[in-house]
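A.B. asks: This is what each chain is made of:
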Amino acid sequence: VRLAVAEQFDDRFQQREAAGLGMWTFLASEVMIFGVLFTGYTVYRAGDPGAFRQGSLHLYESIGATNTAILLVSSVTMFLAVHASGAGRRGRTVWLLVVSAVLGAAFLGLKGVEYALDIREHLVPGYNFTPEQGGPHVAIFLVFYWITTSLHALHLTAGVLCTLAMAVLIRRDGAVKPRSNQVEVLGLYWHFVDIIWVFLFPLLYLVR
Amino acid sequence: MARHRHQTRSAILVGIGLLALLGLTVLLGHLLTGVAATVTGLLIAVAKAGLVVLFFMELVRETNQIRIFAAASLLWIGIIFTLTLSDYLARRPEARAPYPPKPPAVSSLPPLAQQ
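Protein sequences appear in the order of chains D and X.
In this text, residue positions in the first sequence follow my numbering: the first is 1, and each later residue adds one.
In this text, residue positions in the second sequence follow my numbering: the first is 1001, and each later residue adds one.
Looking at chain D on its own, in the form it has when it is part of the complex:
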């Protein structure tokens, strides 16, 4: 399989490194976005640990743990998709990308079910939160819960759409060459979104 090299690059090694560096730079800026949310979380939790524990007990730990497992498995399939693409195996790349996207969509579906349960249990500050669920500091924990998980879900939605688009483009002849570094760069983003959830899970669901 011949790899297309864009005209601004000398060879495919330079192209691959430039693409990787671009994605790592973007991910570093994403670390800043989620990092300040984690900083704010830490400050407010240190101010009232009891309220954060009380808030955490409202959440569905089983759904959170299942979703973590789904994302971890999706990282395995995405890694295999990247390597199938590197080996020039078009069919295998496409179905592994589709499996990863389906796992990501399963996460989002389960998250939607969880959100519906949260809303029914009056856990939305500013909308239906009542003193029965806890004091104002419990509400602050829940604000962190909604902001961080919805921002993460937004990232995962983008990941699922890009993964499906990539699968379509690879399947369609000539749109994306199997050995190109585009799948690799997509994989980096996918794993990053997985890592964010790995930190969110204990910080939101396992406050004891």
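Derived by calculation from the structure, the hints in this document are not laboratory data.
Every residue, glycine too, gets a C-beta built ideally from N, C-alpha and C.
Treat the hints loosely; a few may be bogus.
On the chain D side, residues computed to face chain X include the following (Cβ under 10 Å) [to be verified]: (1) Q15; (2) E17; (3) L21; (4) G40; (5) L72; (6) G134; (7) H137; (8) I195.
Let chain D serve as the given structure and place chain X on it in line with the hints.
C.D. replies: Leaving out everything else, chain X in the frame of chain D:
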């Protein structure tokens, strides 16, 4: 092809390791409380993230330039955390909370006419 099969097997092994760590974190979350629970939860999260970064994102195989870019994000978030927490955690315990103080009882306010 042999290399390919080898990669598939190690990816599945890393995946099983990650799921085992998830099981461990849930189990310990039920056994431990307080600071111990938080610290172990975060340590396991760091271990999981490390496996993903080094193995799935293949940072070990990348150039030094990319490694520096990846490490820079941790450096900057470290600065944000250190400066912020060196303020809040150094305050007197009663002033430590970022929450607004409780409003005084209405009766303790001076009459409106004197303000």
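A.B. asks: Would you check whether Q15/D satisfies its interface hint, that is, whether its CB is within less than 10 Å of any CB in chain X?
C.D. replies: 13 Å, violated
A.B. asks: Under the criterion of a CB-CB separation shorter than 10 Å, is G40/D in contact with chain X as hinted?
C.D. replies: OK, holds: G40/D within 10 Å of chain X, min 8 Å.
A.B. asks: With a cut-off of 10 Å on the beta carbons, see whether L72/D makes it to chain X.
C.D. replies: At 4 Å from the nearest chain X Cβ, L72/D passes the 10 Å test, so the hint holds.
A.B. asks: At a threshold of 10 Å, is the proposed contact between L21/D and chain X supported by beta-carbon distances?
C.D. replies: This interface hint holds because 6 Å falls under the 10 Å limit.
A.B. asks: Does G134/D hold up as a contact with chain X if the rule is Cβ-Cβ below 10 Å?
C.D. replies: 14 Å, violated
A.B. asks: Are H137/D and chain X close enough, Cβ to Cβ, to be under 10 Å, as the hint says?
C.D. replies: 6 Å, holds
A.B. asks: Any CB of chain X closer than 10 Å to the CB of I195/D?
C.D. replies: Result: holds, 5 Å to nearest chain X Cβ.
A.B. asks: So, E17/D near chain X? Judge it on the closest CB pair being under 10 Å.
C.D. replies: Holds: closest Cβ of chain X sits about 6 Å from E17/D, inside 10 Å.
Hint compliance for this structure: hints 1 and 6 are not met, and every other hint is.
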